[in-house]
Structures are given as structure tokens and as C-alpha cells.
Amino acid sequence: MEQPLNLVLFSGTDDKLQAASVLAAGAAAIGKPVHVFLQYWALDAFRTDRIGADHGLAPEAGAEGRLAVDRMARAGQTPWHETLRAAKDLGEVDIEACSLSMDLLGIEEADLDPLVDGVEGVTAFYDSAGDGQVLFI
Amino acid sequence: MGDDQATLVVDARGLNCPMPIVRTAQAMKALNPGDIVEVTATDPGSVRDFAAWSRTTGHALLASSTDGGLFRFVLRHK
Numbered sequence: 000m001e002q003p004l005n006l007v008l009f010s011g012t013d014d015k016l017q018a019a020s021v022l023a024a025g026a027a028a029i030g031k032p033v034h035v036f037l038q039y040w041a042l043d044a045f046r047t048d049r050i051g052a053d054h055g056l057a058p059e060a061g062a063e064g065r066l067a068v069d070r071m072a073r074a075g076q077t078p079w080h081e082t083l084r085a086a087k088d089l090g091e092v093d094i095e096a097c098s099l100s101m102d103l104l105g106i107e108e109a110d111l112d113p114l115v116d117g118v119e120g121v122t123a124f125y126d127s128a129g130d131g132q133v134l135f136i
Numbered sequence: 000m001g002d003d004q005a006t007l008v009v010d011a012r013g014l015n016c017p018m019p020i021v022r023t024a025q026a027m028k029a030l031n032p033g034d035i036v037e038v039t040a041t042d043p044g045s046v047r048d049f050a051a052w053s054r055t056t057g058h059a060l061l062a063s064s065t066d067g068g069l070f071r072f073v074l075r076h077k
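Chains G and U, in that order, are what the protein sequence lines are. Numbering that gives the first Met the number 0 puts the first residue of the first sequence at 0, with every later residue one more than the last. Numbering that gives the first Met the number 0 puts the first residue of the second sequence at 0, with every later residue one more than the last.
Among these hints, one or two may not hold up.
To be verified - In silico lysine-lysine, DSS-like type, Cα no more than 25 Å apart, as pairs:
#, chain 1, residue 1, chain 2, residue 2
1, G, Lys31, U, Lys28
2, U, Lys77, U, Lys28
3, G, Lys15, G, Lys87
4, G, Lys31, G, Lys15
5, G, Lys15, U, Lys28
6, U, Lys77, G, Lys31
7, G, Lys31, G, Lys87
8, G, Lys15, U, Lys77
Please keep in mind that the hints were generated in silico from the structure rather than gathered at the bench. Predicted, not measured: the structure shown is a model, and the values here were computed from it.
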């Protein structure tokens with residue numbers, strides 16, 4: 000049985016979510032199961048009313064990085080949430096919200112985009128992670 | 000291999016990584032063993048990506064060619 004790829008998403012900026020969604024879709028395309036655990040600001044970006052909004056970029060992007068990202072978007076780059084939808088269509092991609100972060104942000108499961116499959120704690124995350132790699136983004 | 004032999008053509012021109020692979024994998028799901036898929040792409044990473052994807056998934060890469068900035072791949076569903 001193929002070990003899953005486990006992505007812990009913490010940052011909620013569009014560049015990091017884009018990079019993470021590329022990793023998830025690439026793994027799904029080769030049949031590798033993917034578990035995504037959403038914490039803090041990444042979880043906030045998955046709220047139904049915010050998922051399509053501008054979530055900014057990591058500080059190191061600077062003004063030049065902003066221009067580069069905008070240029071890619073104008074050229075038709077698939078937004079990160081659509082890449083994740085395609086990844087879920089393609090393979091086994093399970094996206095779970097961290098229950099602690101739900102409390103921290105004061106949000107309910109109903110506030111989250113349908114991309115999110117459920118809510119779990121860190122123990123359940125490690126249980127599903129098996130011996131697969133865990134990446135913190 | 001000419002276009003007339005392809006069961007399906009995937010136009011991935013203009014798409015960034017990983018979408019050429021994602022679109023091809025999505026298309027493959029609806030096809031049957033032996034079906035031929037032809038892909039055109041402009042993502043420079045796609046040459047190595049399609050070779051790797053073929054090795055990992057078992058869908059045979061029958062042809063991989065480059066014409067300037069245009070890449071063309073022919074795959075056979077396993």
C-alpha cells in the first residue's frame with residue numbers, strides 16, 4: 000500500500016496555498032493518497048465566503064513577487080482552490096480542518112468550503128498519516 | 000503516430016504545472032485500456048513530468064517530442 004503524502008497547511012497566503020495545491024495534485028495524479036490538515040490561517044482561507052478572495056503573499060514576495068504572481072494569474076493560472084478540486088476529482092485527497100484552529104477562529108464546519116471533508120484533531124491526523132512524509136507549509 | 004489515431008486530444012497549451020498532467024490524468028480516467036491520448040503542452044517541466052507520470056502510472060509514453068516551445072506527448076492507456 001502506497002504511503003500517503005501528508006500536508007499540514009498553516010500559512011494562508013495565496014502563494015503558499017498555490018505551492019501546496021500543486022504538491023497535492025501531483026501526488027494525486029500518480030495515485031498517491033493525500034491527507035491535508037488545515038491549521039490557523041490556512042483554515043481561514045477555506046471559509047466559503049473567503050476562499051476566492053485575495054489572501055496576500057508571503058512577506059518575502061515583495062513588490063516584485065506580487066507582480067510575478069499577478070502576471071501568472073492574468074495568463075490564466077488555475078487558482079489554488081480549483082487545483083485542489085481537480086486533485087480531489089483525480090485521486091484520494093482528504094482535507095480535514097484542525098479542531099483547535101476551528102475554536103481559535105470561531106468557525107463552524109458549515110462555514111467551510113465543500114473542499115473540506117471534515118474536522119479532526121492531531122491524533123486522528125497522525126493516525127491517517129501512517130509512515131508517509133509530513134510537510135508543514 | 001498521426002492525430003487520426005488518437006482516441007482523445009488534450010490541449011494543455013498555456014497551462015502551468017501541474018495542470019497538463021492533471022488534465023491528462025482526468026481524461027485518462029474516462030478511457031479504456033489501449034486508448035491513445037495525444038497531449039500538447041507549453042510547460043517546460045512537462046517533458047520530465049510526462050516521462051515520470053508514465054513510469055509511475057504504467058500508461059505507456061509512446062512519443063515525446065519538442066518543437067520550439069511546444070511539447071507533444073502520445074500515451075497509451077494501460
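Hint by hint, here is what the structure shows:
Our distance criterion of 25 Å between C-alpha atoms is met by Lys31/G and Lys28/U, whose separation comes to about 15 Å. Using a Cα cut-off of 25 Å, the hinted pair Lys77/U and Lys28/U holds, with the two alpha carbons roughly 11 Å apart. A C-alpha spacing of about 19 Å is found between Lys15/G and Lys87/G, which places the hinted pair at or below 25 Å, so the restraint holds. For a cut-off of 25 Å, the pair hint linking Lys31/G to Lys15/G stands: about 21 Å separates their Cα positions.
For the proposed pair Lys15/G and Lys28/U, the alpha carbon gap of about 29 Å is over 25 Å, so the pair is violated. Distance check on the hinted pair: Lys77/U and Lys31/G sit about 18 Å apart at the alpha-carbon level, within 25 Å; holds. Straight-line distance between C-alpha atoms of Lys31/G and Lys87/G comes to about 12 Å, which keeps the hinted pair within the 25 Å bound. About 35 Å separates the Cα atoms of Lys15/G and Lys77/U, which puts this hinted pair outside 25 Å; it is violated.
When each numbered hint is compared with the structure, violations occur for hints 5 and 8.
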